[in-house]
Amino acid sequence: MSRSAAMLIMGVFTLYFLTPIWWLLTTSTKTGGEITSTAPLWFTANSAGTFLTNLGRLFTYGDGLFGRWLLNSALYAGVGALIGTVIAAMCGYALAKYEFRGREAIFNIVLSGVLVPATALALPLFLIFSRVELTNTMWAVFLPSLVSPFGVYLARIYAAASVPGELLEAARLDGSGEIRTFFTVSTRLMAPALVTIFLFQFVAIWNNFFLPLIMLRDQVLFPVTLGLYAWNSQISQIPELRSLVIVGALVSILPLIIAFLALQRFWSSGLGAGGVK
Amino acid sequence: MSVTSTPAEVPKAAPVVRKNRSSGAQRRAVTVFIAPFAILFLAFYAIPIVYAVVQSLLTVEREGTFGKPRQVFGGFVQYEQVFQNTAFWESVGRVLLFGAVQVPVMLGLALLFALLLDSPLLRGKKFFRLAFFAPYAVPGVIAAIMWGFLYSPSLSPFGAVTSNVDFLGGNLVLWAIANIVTWVYVGYNMLIIYSSLLAIPTEIYEAARLDGASNIQIAWRIKIPLVIPAIILTAVFSIIGTLQLLAEPQTLRSFSSAINSTFTPNLAVYTTASVPNYNLAAAFSVVLALATFILSFVFLKSTQRKVTQ
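So the sequence lines, in the order shown, correspond to chains A and B. Oh and the first sequence: position 274 is 274 in this note's numbering, straight run, nothing missing. Counting from 1 along the second sequence, just add 1000 to a position and that's the residue number in this note's numbering.
Treat the hints with caution; some may be incorrect.
With a cut-off of at most 25 Å between alpha-carbon atoms, the simulated DMTMM-like pairs for lysine to aspartate or glutamate come out as follows [said to hold, decoys possible]:
| no. | chain 1 | residue 1 | chain 2 | residue 2 |
| --- | --- | --- | --- | --- |
| 1 | B | K1126 | B | D1211 |
| 2 | B | K1125 | B | E1063 |
| 3 | B | K1126 | B | E1203 |
| 4 | B | K1068 | A | E133 |
| 5 | B | K1301 | A | E104 |
Derived from the structure by calculation, the hints contain no laboratory data.
Produce the entire structure from the sequences given, and follow the hints as far as they go.
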């Protein structure tokens, strides 16, 4: 294959991948009427002003509901992924670095957990949470999101590859406790893996749709995806929501894109782990 | 390497006692490390599965038409209903057809891009890597909203195409969804395959080149066989994802009347649960989880055998 053919293929697909996002960006800078009346993939003369007006409307509509949704998503995904990563790392580390009875059994259960789709759990979780009257609360979305069997799987592979047994022996001889060794020495060696686990759990929670859809009734508790979904399904009754949905979609994907760009150094080295083994 | 074995140089002054204490400390540490995950896994994975199975074996009985409903054991009544429910099986057939086309196309593209990124042919690799991966940051709901606008005849910037081709009509809407899913996940799968390509030692290629192998031969004979495990991993996750389709079709329903309330198995679960008929919905969930598990497990096992042969 020639160099120009390779560049052509990649060029064409770059358009495919970026055009929708570009469309979202340019359309966010238009008023409702301008969406259909102006050039679709370009800005208008007063784009900056309209964009700011749209943003203002987005954050003030319905008593600032959208800001609340963003905050909820940050809480569900940010705090959830942070705690989830620590929990998964500890478990994967123990499975990789210690020998104990039932180790293989636990790992096999975790592996089957990877294959059980999270959406199949949404309904039974709803039934259980409604028994303890916790549906339509933040806990109903937050608590189940903490569990990431795939995170344990990655953590185990990474701990086995990047934390040398000799180092743990040395730490033991120095009188360092097992748990202190984990938090001071091992987590540093596992850092790229931990960032990878965090990011992917963050994305999984941020994107999760079924669980909040089935658990939450109160709009104030919605994550941003469910909120935009709700607005989008009301467009036919309230047409002014259309431009809010478009600006809101743009604002809601920015945190993830920024997080991925900022942490790229870590996850691009950590991503291979699942595939190599 | 075994970690619990006696350290090579135990100080002579503190022989047996110290060893016992340290292995006891290790046991305690293992408990501390595993307990949080184990408890959460039990509460939010294992128990819900058991609970779903239990619920699926119950049925609601009423004394008279307007009597108080109560749940009684119904055996496989719900499962009989599942198997007689043509809408549910149509939805299963629909996602299987979807997966049979979309997963190979997506992974084929991901493999092609990964090979190109790994080849000496390309400039600006960092840019392409990021550009192709960017859609992964777009949640399924948002992607469906964006593409919903792009597909719609009145709002699309490609009005010339969308006013002639009805992407949201009954014939094409499944493939319109397939395009959205492909758009989101190609870059992610590309990166997984690409990182596994990066792990191959380059000496292998040099040896092949000395033997006169071309770039295409190296890709076909060396690179692809070596990244098969990564491809299998991405395939399993794609199969799981396909059977779980929900966010994209559910969101597109406000753009397209061709998507009914039982378009995918998970939509059927949601619709049935909203009736509310929890017992039947639980039975749907159990069948779906079991089918997903079996399908990905069989796929894993069958490909593993092929690789080792």
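Now for the hints, and whether the structure bears them out:
1. K1126/B with D1211/B: violated, 31 Å
2. K1125/B with E1063/B: Not satisfied, since the Cα-Cα distance of roughly 70 Å exceeds 25 Å.
3. K1126/B with E1203/B: holds, 23 Å
4. K1068/B with E133/A: holds, 21 Å
5. K1301/B with E104/A: holds, 18 Å
Hints 1 and 2 from the list above are not met by this structure, while the remaining hints are.
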